[in-house]
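Participant: Chain by chain, the residues run as shown.
There are 2 protein chains.
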Amino acid sequence: MSSAEKPLIGHLVIVGVGLIGGSVSLALKKAGVVGHVTGVGRNRDNLELAQRIGIVDAWTHDVGEAVRDADVVLLAVPMSAYASVFAAMAKTLPEHAVVTDAGSTKQSTIIAANKFLPGPERFIAAHPIAGTEKSGAGAAFAELYEKRLCVITPVGDSSATALALVMQLWEKTGSRVVTMDAAEHDDFLASVSHLPHLAAFALVNAVRRQKSEGHDPFCFAAGGFRDFTRIASSSPEMWRDIALSNRDALLGQLDAFQQELNGMREALLADDADRLLKEFSAAREAREAWLAKHGDGL
Amino acid sequence: MSSAEKPLIGHLVIVGVGLIGGSVSLALKKAGVVGHVTGVGRNRDNLELAQRIGIVDAWTHDVGEAVRDADVVLLAVPMSAYASVFAAMAKTLPEHAVVTDAGSTKQSTIIAANKFLPGPERFIAAHPIAGTEKSGAGAAFAELYEKRLCVITPVGDSSATALALVMQLWEKTGSRVVTMDAAEHDDFLASVSHLPHLAAFALVNAVRRQKSEGHDPFCFAAGGFRDFTRIASSSPEMWRDIALSNRDALLGQLDAFQQELNGMREALLADDADRLLKEFSAAREAREAWLAKHGDGL
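Heads up: the protein sequence lines correspond to chains A and B, in order.
1 is the number of the first residue of the first sequence in full-length UniProt numbering; add one for each residue after it.
1 is the number of the first residue of the second sequence in full-length UniProt numbering; add one for each residue after it.
Think of the hints as simulated: they come from the structure by calculation, not from any bench.
Glycine included, C-beta positions come from ideal geometry on N, C-alpha and C.
Be a bit skeptical, because a hint or two may be false.
As the list claims (entries may be wrong) - Across the chosen pairs, the derived CB separations fall in these ranges:
| hint | chain 1 | residue 1 | chain 2 | residue 2 | range |
| --- | --- | --- | --- | --- | --- |
| 1 | A | Glu5 | B | Leu269 | 46 to 56 Å |
| 2 | B | Asp181 | A | Leu269 | 22 to 32 Å |
| 3 | A | Ala139 | B | Gly295 | 18 to 28 Å |
| 4 | B | Ala183 | A | His61 | 53 to 63 Å |
| 5 | A | Glu171 | B | Glu48 | 51 to 61 Å |
| 6 | B | Glu5 | A | Ala139 | 54 to 64 Å |
| 7 | A | Ala139 | B | Ala289 | 56 to 66 Å |
| 8 | B | Asp62 | A | Cys219 | 35 to 45 Å |
| 9 | B | Cys219 | A | Arg209 | 47 to 57 Å |
As the list claims (entries may be wrong) - PhoX-like, lysine-lysine: derived pairs with alpha carbons at most 20 Å apart:
| hint | chain 1 | residue 1 | chain 2 | residue 2 |
| --- | --- | --- | --- | --- |
| 10 | B | Lys29 | B | Lys6 |
| 11 | B | Lys293 | A | Lys211 |
| 12 | A | Lys293 | B | Lys211 |
| 13 | B | Lys211 | A | Lys278 |
Isolated chain A, as found in the complex:
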């Protein structure tokens, strides 16, 4: 960025300087589209580290103070903290400032913005579908979002200029940006992400409760079990928040899954080899087709 040009985003405030927020800053800095970055958080060591490695130019613990001259604010905190963060910035957020986020569910996020932000039309909800198992500023890297999908879910009242700016921001991180309805996003993510997490936690608990004297069923678990349950090693706190913030969509997907399981049960009870083969084959084909189309980007 030459000093003569005005950057796309003059002052970016990132609330929550971890893997997600930190990687946005590094990507935008690398793309040369951001002027000054202020980090907000509670953990002093993490914030100092973020400044030392060039993620933020300054930091503070005070959200209200930080957003006072912000152009864009990015929320990258657990979704259980959204209400309090929105409330904390309500009085000092400039009228021109645009707010976006990186949370895993979108309807609840929009509801919280409508309730707590003075200009909710300038909140544009986003969900970059990327992450690693690591956390904290030290885990951030500029390439995290490259070629990943970022779903943006504007509503009828959204400001067109705010939407355009937020789309540019996420595109500049390297994401493939798509816009869609928040409810549809929440359904799809419940289906391919939130439900699998719930099911993995549930399956490990079923095995755990079966542990008896003498023998331990876990002794017989192999590579298939390891892969199937990998997501059951995810953060319980984060997944509690996601499950509750997307409760209705998740309940709907849980219904659909239990219907499938009931179908499998019926086929087993009836010794219906043809039906089992048909169901197993259809699943295998669908998965292989998905991998062929999307496997490279994983």
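Guided by the hints, dock chain B onto chain A, whose structure is given.
Facilitator: Same frame as chain A, but now just chain B:
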């Protein structure tokens, strides 16, 4: 093996010369405990390949002919073929010969042996918990069973000498041999292996049926989904056979899993954050404990 010594197994007949059967032969040859190995199968190309790469010394399509002077017979065919293979060897199997297998479920295997074999006390059921996603003689390798668990499930009528020989055979492949009750084995394997496969197939089908115009939920699937559903790319035919051959245990484990899911549903409906956190945390801890204890051997 010096020519002066008599090997543990003079003549081994392997019915089904694929990854599982072929690897047993290679491991026993490497250990120097087998004299002559005859392979039995239907696919001529596969059998010729097996002979060329030293898995078998001879081969035939005829089970009855092959077992005529066998000391040990190993079944390594799909479980749906057990009845016909047992029946085919019934007339020619020598009285001293011992039979073992490598199938994933054990009660149904024992029932089939009791029904079709003339001397069922000399059938010792085994389940080596090992495998790769590949199949065929070309995929076999001598180290497949090294340090893997091999569960042997003798019954009250089992011949003690047959049991001793089969235990030695599997130990010589490098397995860690344990004996246990067939019903308990089937319950545990239903829990940590068969149910996860059923659940992975069911989950992919739930997503598949949700595909609508315009948007495809698979587009939003990422690494977690890939790992969770990896086993849904397994052979539909093999898993149909396993599911049906272990039907009752699998139905029991499916009940236990659906109870866990119902518990999650109740917690979601009640917005019970504490209960969700407790369940998710317990699952995570159990999985981490399992990995700490058994992760190296996977």
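Participant: Taking the Cβ atom of Ala139 of chain A and the Cβ atom of Ala289 of chain B, is their distance within the range 56 to 66 Å?
Facilitator: At 25 Å between Cβs, range violated.
Participant: With respect to the beta-carbon atoms only, verify the hint that Glu5 of chain B and Ala139 of chain A lie 54 to 64 Å apart.
Facilitator: Taking Cβ atoms as reference, Glu5 of chain B and Ala139 of chain A lie about 59 Å apart, which means the hint holds.
Participant: Please test the hint of 53 to 63 Å on the beta carbon pair from Ala183 of chain B and His61 of chain A.
Facilitator: Once the Cβ atoms are compared, 60 Å apart, the range 53 to 63 Å for His61 of chain A and Ala183 of chain B holds.
Participant: Holds or violated: Lys211 of chain B with Lys278 of chain A, Cα cutoff 20 Å?
Facilitator: With Cα atoms ~18 Å apart, Lys211 of chain B and Lys278 of chain A stay inside 20 Å; holds.
Participant: Given the hinted pair Lys29 of chain B and Lys6 of chain B, is their Cα-Cα distance within 20 Å?
Facilitator: Holds: Lys29 of chain B and Lys6 of chain B sit about 14 Å apart, inside 20 Å.
Participant: Is 18 to 28 Å right for how far apart the beta carbons of Ala139 of chain A and Gly295 of chain B are?
Facilitator: Check passed, 22 Å falls within 18 to 28 Å.
Participant: Regarding Cys219 of chain B and Arg209 of chain A, is the given constraint of 47 to 57 Å on their beta-carbon distance met?
Facilitator: 36 Å, violated
Participant: Indicate whether the distance between the beta carbons of Asp181 of chain B and Leu269 of chain A respects the range 22 to 32 Å.
Facilitator: 25 Å, holds
Participant: Confirm or reject the claim that Glu5 of chain A and Leu269 of chain B have a C-beta distance inside 46 to 56 Å.
Facilitator: 54 Å, holds
Participant: Take a look at whether the Cβ-Cβ distance between Asp62 of chain B and Cys219 of chain A falls inside 35 to 45 Å.
Facilitator: 40 Å, holds
Participant: For a C-alpha distance cap of 20 Å, please report whether Lys293 of chain B and Lys211 of chain A respect it.
Facilitator: 15 Å, holds
Participant: Lys293 of chain A and Lys211 of chain B were given as a pair; does the straight-line alpha-carbon distance stay at or below 20 Å?
Facilitator: With Cα atoms ~15 Å apart, Lys293 of chain A and Lys211 of chain B stay inside 20 Å; holds.
In terms of the numbered hints stated before, the structure departs from hints 7 and 9, listed from lowest to highest.
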